[in-house]
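Protein sequences, first through last, are from chains G and B. The first sequence lines up with residues 1 to 429 when you count with the UniProt record's numbering. The second sequence lines up with residues 1 to 169 when you count with the UniProt record's numbering.
Hints were generated in silico from the structure; no laboratory data involved. Just to be clear, a hint being listed does not mean it is correct.
Covered stretches of chain G, going by a simulated chain B footprint (3 or more residues, C-beta under 8 Å) [to be verified]:
(1) 19–28
(2) 80–91
(3) 118–132
(4) 317–324
Quick partial rundown of chain G residues pointing at chain B, CB under 7 Å, derived from the structure [unchecked claim]:
(5) Arg96
(6) Gly169
(7) Gly186
(8) Ser247
(9) Gly248
(10) Pro253
(11) Gly254
(12) Ala289
Keep in mind the model is a prediction, meaning the values are calculated, not measured. For every residue, glycine included, the Cβ atom is placed at its ideal position computed from N, Cα and C.
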Amino acid sequence: MTERPLTAMIDPAAGPPDCAAYGRAGGWRGARAALRDMTPDAVIDVVTRSTLRGRGGAGFGTGQKWSFVPKEPAATRRKYLIANADEMEPGTFKDRLLMEGNPLQLIEGMIVAGYAIQAGHGVIFLRGEYHVALDRLTRAIADARATGWLGADILGSGFGFDIHVHTSGGRYICGEETALLTALEGKRAQPRSKPPFPQVGGLWGAPSVVNNVETLCNVPHIVANGAEWFRALGLGPDGGTKLYGISGRVRRPGTWELPMGTPLREIIEQHAGGMRDGYALRALLPGGASTAFLDAGQVDVAMEYGAVEKAGSRLGTGQAILLDDRTCPIGMLHNLEHFFAQESCGWCTPCRDGLPWVERLLAAIEDGSGAPEDLDRLADHARLLGPMGRTFCAHAPGAMAPLASGLRLFRADFEAHIHQRGCPLRQAA
Amino acid sequence: MSTADAPLPPDLRADIAAMAAAEHHARMAAIPALMAVQARLGWVSDAHLADVAGLLGLSPADLDGVATFFNLVFRRPVGRHVILMCDSVSCWIMGRDALCARLCDRLGIRPGQTTADGAVTLLPIVCLGHCDHAPAMLVDRTLHGDLDEAGIDRIANALAADTPEGPPT
Chain G
1 MTERPLTAMI DPAAGPPDCA AYGRAGGWRG ARAALRDMTP DAVIDVVTRS
51 TLRGRGGAGF GTGQKWSFVP KEPAATRRKY LIANADEMEP GTFKDRLLME
101 GNPLQLIEGM IVAGYAIQAG HGVIFLRGEY HVALDRLTRA IADARATGWL
151 GADILGSGFG FDIHVHTSGG RYICGEETAL LTALEGKRAQ PRSKPPFPQV
201 GGLWGAPSVV NNVETLCNVP HIVANGAEWF RALGLGPDGG TKLYGISGRV
251 RRPGTWELPM GTPLREIIEQ HAGGMRDGYA LRALLPGGAS TAFLDAGQVD
301 VAMEYGAVEK AGSRLGTGQA ILLDDRTCPI GMLHNLEHFF AQESCGWCTP
351 CRDGLPWVER LLAAIEDGSG APEDLDRLAD HARLLGPMGR TFCAHAPGAM
401 APLASGLRLF RADFEAHIHQ RGCPLRQAA
Chain B
1 MSTADAPLPP DLRADIAAMA AAEHHARMAA IPALMAVQAR LGWVSDAHLA
51 DVAGLLGLSP ADLDGVATFF NLVFRRPVGR HVILMCDSVS CWIMGRDALC
101 ARLCDRLGIR PGQTTADGAV TLLPIVCLGH CDHAPAMLVD RTLHGDLDEA
151 GIDRIANALA ADTPEGPPT
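Taking the hints into account, I'd like the entire structure generated from these sequences.
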């Protein structure tokens, strides 16, 4: 039977475990092993060897990210370990499950990660709409403080660590790690140029690591069970399990912890129950709104970083959004680009002015007032804004991923909208 | 003098001063302080924004730049209840546009507006992270998922029964 370390203790009916129940069920083993028996560098080493990669979308090696942090002990230098809990990627609902279901697992992951980089200050940057997660995290942090898992000199190790929850005021861009730091400082959440990288100069210039919630939840299990154990959980080159999700017109939308590299077809057909009666799969975004469309014919792709990239997209958050054959792909693209245009922070011109232009072109095509040359303008935007480096951060390239792939995959739909002066699906209805 | 122009209550001022003192830099308390004002008074008026700016050692213009960046900070009055209806892609695929139109009809407002009796404000929101229960919306702090026409009607009826004296349970 498959191991499911991240969700083993999650029982929606019973609610999250308290500190004692968490310990009885196998929790705290990672924190004990790290703080009692390992040096900070030994923790970084085991996480590096595990091949754990960031689960927030970018897929950067977690151990490698930590290795850039200056080595002074927490007691002598102010450093921050920040959990990115600003889950706002459309179609993504995994970190909420982890925080609502077992908040102590995230707390333990933060203790171990904080120890590894010798940061005394932990922050959970939580999106403002996650009220249930906020209540449960607040209670779990109080419980952990009362039982000595947070505070000064944890387990007599000399390492002190505490966690503060920051509830966000909103905006998707806060999930970008440098914009998140700017937001935490009480400023407009605009991304920063790198270098300096946050690991060296982050919050108020102090070394700071920003890790996704799911990434941090993996850490105690890796430390407790070893790098080889973690690597063996994955089916391919990437180790561990992954919280995969499916939304759209399937029988059982949801999220499931499965071995990293599980084929997309298995997730859709076995776990999500396949498409609903009367609907066929047309295309999908494999890992959130900012990943490129895959065609229905590509569903045999293994859901791991390299394989999805080879197929022309990104694993992203691993939470797929399915387009069915009775939903207009132009309407879907219009919805996506409305989101990206609205959520642009406005800092740099190509993103601030380009994305609303794309949105208006798509709106015109959808409502029947589009012209053939509009497709060239859309392609121009995809070409100009798509590559990294033309804008300050990855927001505009993320916005162009579904557009560029959509222009290729849905060419006939675009042309039909323009020639028939509106949406053929709506006209037929 | 309306509450929007009255000075911040002393206990709230003390809370905000304590938040600012607890942070590494006072301005880190900007969003928590604005949200605390909003939790008490419903929204953040110009006068209250200036009060908070003073407590944090910021200019009102600087703090307003922050306040207007974040969509959950309300710089205009809102109703006693705020509905945040997801307009992102998974909810859109599952038919949120028709349900939003129905809710607008029932409330007699468009997205972004407040009912004439001051009971309900309806706002669009980005993905609420409940895509497995799309379409979804938040009514105040309560998430409603798997919405359909009957669900929209039920919520609209409960809100219509709301009066300042007796909120729905």
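Here is how each hint holds up against the structure:
{"no.": "1", "hint": "19–28", "result": "violated (count 0)"}
{"no.": "2", "hint": "80–91", "result": "holds (count 5)"}
{"no.": "3", "hint": "118–132", "result": "holds (count 6)"}
{"no.": "4", "hint": "317–324", "result": "holds (count 5)"}
{"no.": "5", "hint": "Arg96", "result": "holds (5 Å)"}
{"no.": "6", "hint": "Gly169", "result": "holds (3 Å)"}
{"no.": "7", "hint": "Gly186", "result": "holds (4 Å)"}
{"no.": "8", "hint": "Ser247", "result": "holds (4 Å)"}
{"no.": "9", "hint": "Gly248", "result": "holds (5 Å)"}
{"no.": "10", "hint": "Pro253", "result": "holds (4 Å)"}
{"no.": "11", "hint": "Gly254", "result": "holds (5 Å)"}
{"no.": "12", "hint": "Ala289", "result": "holds (6 Å)"}
Of the hints listed earlier, the one the structure fails to meet is number 1.
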